[in-house]
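Enquirer: Given the structure of chain A, go ahead and fit chains B, C and D onto it with the hints provided.
Number of protein chains: 4
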Amino acid sequence: MIVSCPDRVGIVARVSSFIASQQGSIVEANQHSDLEAGRFFMRYDIQSGAMSAAAFSAAFGPIAEEFSMTWRLSDASRRQRVAIMVSRDSHCLVDLLYRWSAGELDCDIPCVISNHEDLREIVGWYGIPFHHVPVDAQDKLAAFAEVERLIDTAEAHCVVLARYMQILPPALCQRYAGRVINIHHSFLPSFAGAKPYHQAFERGVKLIGATCHYVTEELDAGPIIEQDIQRVSHCHGTQDLVRLGRDVEKAVLARGLRWHLQDRVLIHGNKTVVFS
Amino acid sequence: MIVSCPDRVGIVARVSSFIASQQGSIVEANQHSDLEAGRFFMRYDIQSGAMSAAAFSAAFGPIAEEFSMTWRLSDASRRQRVAIMVSRDSHCLVDLLYRWSAGELDCDIPCVISNHEDLREIVGWYGIPFHHVPVDAQDKLAAFAEVERLIDTAEAHCVVLARYMQILPPALCQRYAGRVINIHHSFLPSFAGAKPYHQAFERGVKLIGATCHYVTEELDAGPIIEQDIQRVSHCHGTQDLVRLGRDVEKAVLARGLRWHLQDRVLIHGNKTVVFS
Amino acid sequence: MIVSCPDRVGIVARVSSFIASQQGSIVEANQHSDLEAGRFFMRYDIQSGAMSAAAFSAAFGPIAEEFSMTWRLSDASRRQRVAIMVSRDSHCLVDLLYRWSAGELDCDIPCVISNHEDLREIVGWYGIPFHHVPVDAQDKLAAFAEVERLIDTAEAHCVVLARYMQILPPALCQRYAGRVINIHHSFLPSFAGAKPYHQAFERGVKLIGATCHYVTEELDAGPIIEQDIQRVSHCHGTQDLVRLGRDVEKAVLARGLRWHLQDRVLIHGNKTVVFS
Amino acid sequence: MIVSCPDRVGIVARVSSFIASQQGSIVEANQHSDLEAGRFFMRYDIQSGAMSAAAFSAAFGPIAEEFSMTWRLSDASRRQRVAIMVSRDSHCLVDLLYRWSAGELDCDIPCVISNHEDLREIVGWYGIPFHHVPVDAQDKLAAFAEVERLIDTAEAHCVVLARYMQILPPALCQRYAGRVINIHHSFLPSFAGAKPYHQAFERGVKLIGATCHYVTEELDAGPIIEQDIQRVSHCHGTQDLVRLGRDVEKAVLARGLRWHLQDRVLIHGNKTVVFS
Chain A
1 MIVSCPDRVG IVARVSSFIA SQQGSIVEAN QHSDLEAGRF FMRYDIQSGA
51 MSAAAFSAAF GPIAEEFSMT WRLSDASRRQ RVAIMVSRDS HCLVDLLYRW
101 SAGELDCDIP CVISNHEDLR EIVGWYGIPF HHVPVDAQDK LAAFAEVERL
151 IDTAEAHCVV LARYMQILPP ALCQRYAGRV INIHHSFLPS FAGAKPYHQA
201 FERGVKLIGA TCHYVTEELD AGPIIEQDIQ RVSHCHGTQD LVRLGRDVEK
251 AVLARGLRWH LQDRVLIHGN KTVVFS
Chain B
1 MIVSCPDRVG IVARVSSFIA SQQGSIVEAN QHSDLEAGRF FMRYDIQSGA
51 MSAAAFSAAF GPIAEEFSMT WRLSDASRRQ RVAIMVSRDS HCLVDLLYRW
101 SAGELDCDIP CVISNHEDLR EIVGWYGIPF HHVPVDAQDK LAAFAEVERL
151 IDTAEAHCVV LARYMQILPP ALCQRYAGRV INIHHSFLPS FAGAKPYHQA
201 FERGVKLIGA TCHYVTEELD AGPIIEQDIQ RVSHCHGTQD LVRLGRDVEK
251 AVLARGLRWH LQDRVLIHGN KTVVFS
Chain C
1 MIVSCPDRVG IVARVSSFIA SQQGSIVEAN QHSDLEAGRF FMRYDIQSGA
51 MSAAAFSAAF GPIAEEFSMT WRLSDASRRQ RVAIMVSRDS HCLVDLLYRW
101 SAGELDCDIP CVISNHEDLR EIVGWYGIPF HHVPVDAQDK LAAFAEVERL
151 IDTAEAHCVV LARYMQILPP ALCQRYAGRV INIHHSFLPS FAGAKPYHQA
201 FERGVKLIGA TCHYVTEELD AGPIIEQDIQ RVSHCHGTQD LVRLGRDVEK
251 AVLARGLRWH LQDRVLIHGN KTVVFS
Chain D
1 MIVSCPDRVG IVARVSSFIA SQQGSIVEAN QHSDLEAGRF FMRYDIQSGA
51 MSAAAFSAAF GPIAEEFSMT WRLSDASRRQ RVAIMVSRDS HCLVDLLYRW
101 SAGELDCDIP CVISNHEDLR EIVGWYGIPF HHVPVDAQDK LAAFAEVERL
151 IDTAEAHCVV LARYMQILPP ALCQRYAGRV INIHHSFLPS FAGAKPYHQA
201 FERGVKLIGA TCHYVTEELD AGPIIEQDIQ RVSHCHGTQD LVRLGRDVEK
251 AVLARGLRWH LQDRVLIHGN KTVVFS
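The listed protein sequences derive, respectively, from chains A, B, C and D.
Residues in the first sequence are numbered consecutively from 1, following this note's numbering.
Residues in the second sequence are numbered consecutively from 1, following this note's numbering.
Residues in the third sequence are numbered consecutively from 1, following this note's numbering.
Residues in the fourth sequence are numbered consecutively from 1, following this note's numbering.
Next comes chain A alone, as it looks inside the complex (with noise of 0.2 Å):
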């Protein structure tokens, strides 16, 4: 259970007193009062009591209403759908879908959808649909119309960019907005866009770094969910810092994703809250 809402005396009191009076059980709690902003996040991880999701969604309207609150109830025993986009780079994507097999990511995976023929074998191998959408320089909105055809029969909660190394459309942005989620082959907001290691190289940093972040219309902008970085030195050349950058994008991602599939991250304007 997540919610946010303007912070003042007594929120936790109200809703706790309401979870055990439907004898559920707080099996992890987190909270964050942002002082600047005036507001109160927290996320309860609850064991179901006698109620039903749905009845106790209706039970908690009222008090929700009350306190102006941004709420929702997710099942953890329904499992998220999570669509994978990637372009010719399998690291990501093979590390990803290592994690899924090995039960470290609880989610299922409905398709991976690609602008290259390259990935598939690997994809087929983990018995998930394959599609090869090609992006036409000259047609994005063709290649991208089947894009979102594809997820939506999908029933996909989440999209993952999986170094799909095209730019989603606005359109597509703002219709998934906080479900698509990125890795960025850099240190944002250092290097946002095209070859990030290049830029680091030719900078000379003495630390690499990746970021996931969801995708807003503004390319490589929206809210950070988690970042981490690689010590280089004067002796790795740009294959050098490609090669070691792969380590931290596949670690940087698969926390990522883990903690939004357990609805551990919260948006809130262009930051987030994250419950890890």
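Do not rely on the hints blindly, as some may be mistaken.
What the hints assert, rightly or not - Each computed EDC-like pair below joins lysine to aspartate or glutamate, with the alpha-carbon atoms no more than 16 Å apart:
hint, chain 1, residue 1, chain 2, residue 2
1, B, Lys271, C, Glu202
2, A, Lys271, A, Glu218
3, D, Lys271, D, Glu202
4, C, Lys271, B, Asp220
5, A, Lys271, D, Glu202
6, B, Lys271, B, Glu202
7, C, Lys195, C, Asp89
8, D, Lys271, A, Glu202
9, D, Lys195, D, Asp89
10, D, Lys271, D, Glu36
11, A, Lys195, A, Asp75
12, B, Lys195, B, Asp220
Claimed, not checked - Interface residues of chain B toward chain D, partial, derived using beta-carbon atoms under 10 Å:
hint, residue
13, Ser101
14, Cys235
15, Arg243
16, Ala251
Source of the hints: derived by calculation from the structure; they are not laboratory data.
Quick caveat, the model's predicted, so the values are computed rather than measured.
Think of the CB as a built atom: it goes at the ideal place given N, C-alpha and C, for glycine as much as any other residue.
Expert: Frame of chain A, contents of chains B, C and D only:
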């Protein structure tokens, strides 16, 4: 407010409702359920409402009893008193004094106690009394009786061993259980005991570390509060490990002490819950 | 070219002059003087000149003798052959196979040997022979005789224990000294032996780690090649440590093996010089 | 001894043979070939033999000319003189002074220059002259003329801006090119310019950093010597970022300055080769 008790349904509801009923506002909340031990831990940072701390405590008594709670309420405006014990190495002491003067450590430092005279001057510069208590190898108990007297006179809530190279006698460990914080210059449980950097060099490890822990009768085996590491290589001799290790020791001790002073560390058996 | 010898004036001059006289170009040079041991180590990555490797070696002989050098010349264009041994855990194996297929590990993998059948399928997908050698607790030597036969048949230069949960017999350790690489799932020397994550959980450490080392007769006590850690907290149960530890194990083993394959690791006593 | 020159066969042989012929012993050697730029860099730490530094230099001249070398020989026994400039923030200054007094920074500190009076006392405690040079916003050039005079009088080889919040005029940057070291409180190129922690908070990054770099005319764009980061979360307000960032700034500046003093940093275009 710190609470620990057997885990069951309704704790949060009862406590938070009580706080709300006293017009208390929860500024920060942390909770943890240890599923294996069946124990619940919580820390509430409460902005006081109408009631005094004493009245709050009295009124909360019955709830605490009902849930078999171990609990305490600390007045954040009352600064804790921290006695620091040192030997000859200055880095941890100087770091603590600087952070204290910069407002990073919310405490009073009534005195520094040392078995050597070396650090008297810097302590004096910060306007803190310095007590020299030599430890005679033939009669350590006399020295520690004097140390105990000084700690009592200083009304210290907590004692920090900032590279104090003597082993406290068991009676002292017991009397101040959970209130004596040590920094050990290795990544425990590796290299417990004397000369950990020499041990690390001999073993050829690629990382060195430091551990901040509560002191218990068993040497270097108390509950761990915080640890960190630093990468090293074959290029580094023992003296380099000592030098690089100093930075880790300083950082780990400062974090551990800060959390202790903010009542963020709960001891449970030989482990800690740290609401950092 | 790898050289180790007693330290004295003129080694670099003599070796580099010899290489220049053969029209060899030094692409990368690493040197280390162990002042305590009075020993000198060097690694030169040489772009070959006019001479063949055999002629080079013959001509270099007298210099090596003069300086009492232990040395070897490896042909970087000849890929080493690496046999991988696994049990049931797949994460290290899958990671190595992926990196190998992506060109990150410059070697051939003639076979994978396991005491269980579980990982046959993924090994087959990469086109690598899989040998199942069950280890009968009553007669381990028979199993290891078969393992030895398979390694010999594979003409493996090096053996990687990628979470192979059996202890190699002393004779095997001796025969392949400096050529068997193990990944241990703790920050050695902490938590040697069985079930390190359970030990780490019991001790309440705040960091978990992994260690890549050469196998010697003494369990988990061989020369360390690489180590790394991952931060954990009271929130993490044993299963979380296992999950988080997998990522450290994978990274540490991959780095250690890569350096070994590039002849960047020099063993000296029970320690390593790693020219990474 | 520092050498940089166009890469070609025989450099190491020629230089090391020359050193051996002078009975010089190479204690530490570092080399780097920038393949893209076709340039070779080397650093030799030489234990002097029979010849004086002047005689060595004279005799080495022809070799340097033959290979078109840029080179310098520094006498490690002659301590460099470092002038420190500060504003009001004390953490970097106090850290440098402590490390200096502990022998970690092998240099003399002839003076500290500040545009405020705040830090006079601590500087005096270390027995170092403190010069107050207020910077009048209407006439900055007068102030910097005085700064320049003080640096000249101090015969400083190098100037450290330890959180000096003023921008040096271009003429000063040019005159001391490669000799002025700044600590910027962000992970450059992110958040160049003013108030980087506020920028970081606004952007919602999950890591904050610090960058030690040489000062050039272009603000925060000079060659980077060292960088590091610290993990943060939604829990941290701007003031927390400032507090946590102080530790990163101190560590990064101390490492960068130490390497500079040991002649381990070679500037090449807008990048550095750091033989750390």
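Enquirer: With reference to the structure, classify each hint as holding or not holding.
Expert: Outcome of the hint check:
About 8 Å separates the Cα atoms of Lys271/B and Glu202/C, which keeps this hinted pair within 16 Å; it holds. Between Lys271/A and Glu218/A, the direct Cα distance comes to roughly 14 Å. Compliance with the 16 Å bound is thereby established for this hinted pair. Using a Cα cut-off of 16 Å, the hinted pair Lys271/D and Glu202/D is violated, with the two alpha carbons roughly 29 Å apart. Note on Lys271/C and Asp220/B: the hinted pairing is violated, with a Cα-Cα distance of about 26 Å set against a maximum of 16 Å.
About 8 Å separates the Cα atoms of Lys271/A and Glu202/D, which keeps this hinted pair within 16 Å; it holds. Only pairs whose Cα atoms come within 16 Å are accepted, and Lys271/B paired with Glu202/B is rejected, the gap being roughly 29 Å. Distance check on the hinted pair: Lys195/C and Asp89/C sit about 14 Å apart at the alpha-carbon level, within 16 Å; holds. Proximity of Lys271/D to Glu202/A is assessed by CA-CA distance (about 8 Å); at most 16 Å being required, the pair is judged to hold.
A C-alpha spacing of about 14 Å is found between Lys195/D and Asp89/D, which places the hinted pair at or below 16 Å, so the restraint holds. A threshold of 16 Å between alpha carbons decides the hint, and for Lys271/D with Glu36/D the separation of about 13 Å falls inside it, so the pair holds. At roughly 40 Å between alpha-carbon atoms, Lys195/A and Asp75/A are farther apart than 16 Å, so this suggested pair is violated. The straight-line distance between the Cα atoms of Lys195/B and Asp220/B is roughly 13 Å, inside the 16 Å bound, and the hint therefore holds.
Among the interface hints, the one on Ser101/B holds; its C-beta lies about 9 Å from the nearest C-beta in chain D, closer than the 10 Å criterion. Interface hint at Cys235/B: satisfied, since its Cβ lies 8 Å from the closest Cβ of chain D, which is below the 10 Å cut-off. Residue-level restraint check for Arg243/B holds (minimum Cβ-Cβ distance to chain D is 6 Å; threshold 10 Å). With a least beta-carbon distance of about 6 Å to chain D, the hint placing Ala251/B at the interface is held under the 10 Å criterion.
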